[in-house]
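Asks: Can you build the whole structure from these sequences, using the hints too?
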Amino acid sequence: MRNRAWKNYIPLLLLMISAVLGVLFVPGFDRFEMYSGILVQASTTGMLALGMMFVLICGNIDLAVGAQSALYGVLCVFLTKSLYLPPPAAIMLTLLTAATVGAVIGYVIAAKKLNAMIATIAVGVAVSGLASILANGTPVFDIPALLEQIAKLKVFNIPFPAVLFLMMAALTAWILHGTYWGRFFFARGWDVETAAKAGVPVHKTCSLAFALSGMYTAVASILYVGRVGVASLSAGDSWVLDVLTIAALGGVGFSGGRGRVLPVVCSAVFLSLLTAAFLVLRIAPYYQNVIKGAILFFAISTKITKS
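In the numbering used here, the protein residues as written are 1 to 307.
These are calculated hints, taken from the structure and not from any lab test.
Bear in mind the structure is a predicted one, so any value in this text is a computation, not a measurement.
Watch out, some of these pointers could steer you wrong.
Straight-line C-alpha distance at most 30 Å; calculated BS3-like pairs for lysine-lysine [claimed, not checked]:
#1 Lys-81 / Lys-154
#2 Lys-204 / Lys-113
#3 Lys-113 / Lys-197
#4 Lys-197 / Lys-112
#5 Lys-112 / Lys-204
#6 Lys-152 / Lys-81
Replies: Dropping the structure here:
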């Protein structure tokens, strides 16, 4: 494992190289406002990737994060417009709903020994339908002013979404490496049966991982709705590929038992920076998908054993 430790710094190295090349060759990349916007863009998929880390480290995967992102954004606005809840209450209820849904999904997958990929695809289909019902099949405008204010808030001239992203990264690192539950996540990902024999509550651990992923997804979607000013049903359609690419590039083990926070954060910012550079240089968006797909395929196909 020590011999592989240098691989944790690959995303940081890519980020530094791309930033230098951007300053040298991409117009506008020498301004603070550009990097401020890049951090805001990275915060959405970065939060989702941090939440996905818990699930992947446990040896599972959640392909419903895109659909859940759309649902929780729509749900938060629905609670304020249709049920007339105060925005703070709507936000808290949305987070509670996300955690509950995630916990149930994780527990059922663990208890029934379901294939997480197939199960979460089915969940994603159901969640997409529920989001469409709440939104009457159309994007929801006229969102609460509080959501826009939170998204536009700045802390020491740094956008609040970026600050919250870094705070959630620190929280994730503490949960994974400073709590017993973090050890349970890694133990379950390495070997479920051995972890169960050692006394790890494997079902509850899986349930907690999905609950945390759901809460992170809700936070990201609420901030996104406040930033763009609309709760869209297609908001998370492309986020699944981004999240998996970030996780793969960040060295998170898709077979479980491996993952660190710093490489994931650097990977999220790197992909956001790459996207910004492509937009400035007017390079067609589908080239981004080619690069993301190649990164994801290479990372998954490079087999690293657990032993």
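Asks: Against this structure, judge whether each hint is valid.
Replies: Right, here's what the structure says about each hint:
Between Lys-81 and Lys-154, the direct Cα distance comes to roughly 26 Å. Compliance with the 30 Å bound is thereby established for this hinted pair. The hinted pair formed by Lys-204 and Lys-113 meets the criterion: a straight-line CA distance of about 13 Å does not exceed 30 Å. Distance hint between Lys-113 and Lys-197 is fulfilled; the C-alpha atoms sit about 17 Å from each other, no more than 30 Å. Pair hint Lys-197 plus Lys-112 holds up; C-alpha atoms about 18 Å apart against a cutoff of 30 Å.
A C-alpha spacing of about 13 Å is found between Lys-112 and Lys-204, which places the hinted pair at or below 30 Å, so the restraint holds. Distance hint between Lys-152 and Lys-81 is fulfilled; the C-alpha atoms sit about 21 Å from each other, no more than 30 Å.
Figure legend: structure checked against the earlier numbered hints; every hint is met.
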